[in-house]
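*Asks:* If you want the building blocks of each chain, they are given just below.
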Amino acid sequence: METILEAKNLTTVLRGRAGVITAVDNVSLQVKAGRALALVGESGSGKSMTCLSMLGLLPSNGRLAAGEVLFKGRDLARMNRKQLEKIRGREIGMILQDAMTSLNPLFTIGEQVGEVFKIHQGIRDKATLRRKCIEVLEKVKIPAAEERLDSYPFQFSGGMRQRVSIAINVALSPELLICDEPTTALDVTVQLQILGLLRELQQQHNMAIVFVTHDLHLASQFCDDVAIMYAGRVVESGPIADVFRSPAHPYTVGLLKALPSLDTYSERLTAIPGQQPSLTRLPQGCRFEPRCPHATDACRRQYPDWFEWGDERRAACWRTEDMLTGRLDPRAGVAVPVQQGASR
Amino acid sequence: MSDAFVKVRDLRKTYEVRKGLFGRPRPLHAVAGVSFDVPAGSTFGLVGESGSGKSTIAKMLMLAEPATAGSIEIGKRDLTRLDRKEREQFHLELQPVLQDPYSSLNPRMRVGRIIDEPLRVHGLLGAAGRRAKVAELLELVGLPADAARRYPHEMSGGQRQRVSIARALALDPKCMILDEPVSALDVSIQAQILNLLKDLQQRLGLTYLLISHDLAVVAYMSQRVGVLYLGEFMEIGDAADIVSGSRHPYTQALIASVDARSGGASARLVSGEIPSPMNPPGGCPFNPRCPHATDLCRSEKPALRQVADGQWSACHFADTLAPLTRCATAGGHGKTPAPAATAA
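From first to last, the protein sequence lines stand for chains Z and Y.
101 is the number that this note's numbering gives to position 101 of the first sequence; each next residue is one higher, with no gaps.
228 is the number that this note's numbering gives to position 228 of the second sequence; each next residue is one higher, with no gaps.
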């Protein structure tokens, strides 16, 4: 399968009051044509920064310190602003969490969708623009598209605004769509509608998708591959179904168990103790070690090497082999319930 | 129920909204008549999407917002007629824990001062007594003793939420209103806080009113669950019955959307979004999105009626509605609805 986007050893530093921190540390990712990659992590894990680094959209205090971003063989990290602007919006689309902030409240939906065609295709004719806008709004299933062209963003519901933002970003049939928590601000029943739409568009256009999310379960329903980030690094990656079936990194195991589901509601949740380390005070060895039930001296001394196996799976954990051969009790060291959960 | 600590009867909140400066005010029914009981020492979960009125109910219970009609009784005290002194007393009994531990803690105060503020305001305990109480509270919520000297910005989201729980507990309340207590937190931290809240409830015999958009969180924490839609209850029942034997299409849609994200087979998803409460649909409020809606649903509003022991549903077809087939049933609480004559 053709690789559309490949990030190699991406390292991004941010200058802040607390000094310089490495927000993205040696991150490598591969996105294949027509497939969706989930980039999963908690806040501060570097997942959004990874996307911004790839697109050359870092904040002014950020700098790409090392690495390549190969998009169809060209290195985006070496391009200047003009070259990048030609690619973003045309060949790569980006959808953000809250469409209310990514749409301009002072312009009508029609003007904002039309802008894409004006800038990238040089279309000036009003009637053509209108026709193209209606077409693309219908593609994202906005009812009565023609009448709604002259509405303003505030007149749209959250789900409809996100559809507009998707319309703008798929208008020119990009080969890659980067979605940063596209459904987090939406209601649960609407989230799945938007994901269904994205999936449909992906199949129609054979688009590749990078789907940034903190929700592992949602990712599993929508994506083909997954990369799990923790404290600025990727700790495990592979085909998402395999990772779900047999998670290898203790952090992935912990995340999968921490979520309440409707079937386990009467049991006690197994929480991961502690919290993600601050990027200014990272442990010397593995970054998950202070919270890990399986940590050994090796984990405290040195950051683990990649352990690779099977069908493109890898994990950055010294104990991967033990985990895979079942020599580690996946429940070991997990906080033992003090008392049975509240009786029902 | 005679031992109900919180008793809410036909509670309503109507806002007068005008369109433009000189527009005629129109009523917006944020809460359109809800009744429920919360037995002492138990948890009642309110679940609903944005705009369902769940936070408005919480505000009225905290006396932050006057009710338009109806009655609230908390610990045998009628909230609608309290004089100033009684109001003060009331706040000793009921305390809130809010969603965002970033905006609900004063950034200029040290944690110790934040926690003992309620004690100072109510003039309880001397300086030494307050110090001892703060130390005791910190331990109770699982924070180290030196946390008292830190500022909120030095803490992580999970720690801050522990601080707000400690502050809420300072006055030894009997009841806590938990308004989306974990939705701003990372997945690995959510489980810690939910478990802490459950432990505290058992140790201190607290009564909880839990508000969340996340059915899985509500089912995990609560004995009784009320499902809100456009300011009204669609269904009320025991958590186990709601999850495994829901008798309302909206609840079923919520369950399906939780299931779908964790790989459940049944995807009885709904279309559309929650309508604006400014112009609610005629008949059943859920009818425009309901897969089972008939002419009856469009013309006549179904009343909330008892459909099983301890379970109420506001659906014309509650008796004939097919039970939701889920991939796994929870704890075998399933009660298959008996096929009965069509409700008219």
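Just so you know, the hints here were simulated from the structure itself, not pulled from any lab data.
The reader is advised that the hints may include incorrect statements.
[To be verified] Once the Cα atoms are required to be at most 25 Å apart in a straight line, the calculated SDA-like pairs of lysine to any residue come out as:
#1 Y/K19 to Z/Q275
#2 Y/K19 to Z/M100
#3 Y/K59 to Y/G70
[Said to hold, decoys possible] Simulated coverage check for chain Z against chain Y, where a stretch passes if three residues somewhere in it have a Cβ under 8 Å from a Cβ of chain Y:
#4 1-11
#5 153-167
#6 188-194
In this text, a Cβ means the ideal position worked out from N, Cα and C, and glycines have one as well.
*Asks:* Could you work out which of the previously given hints the structure breaks and list their numbers from low to high?
*Replies:* Going through the list in order, the structure violates hints 1, 4 and respects the others.
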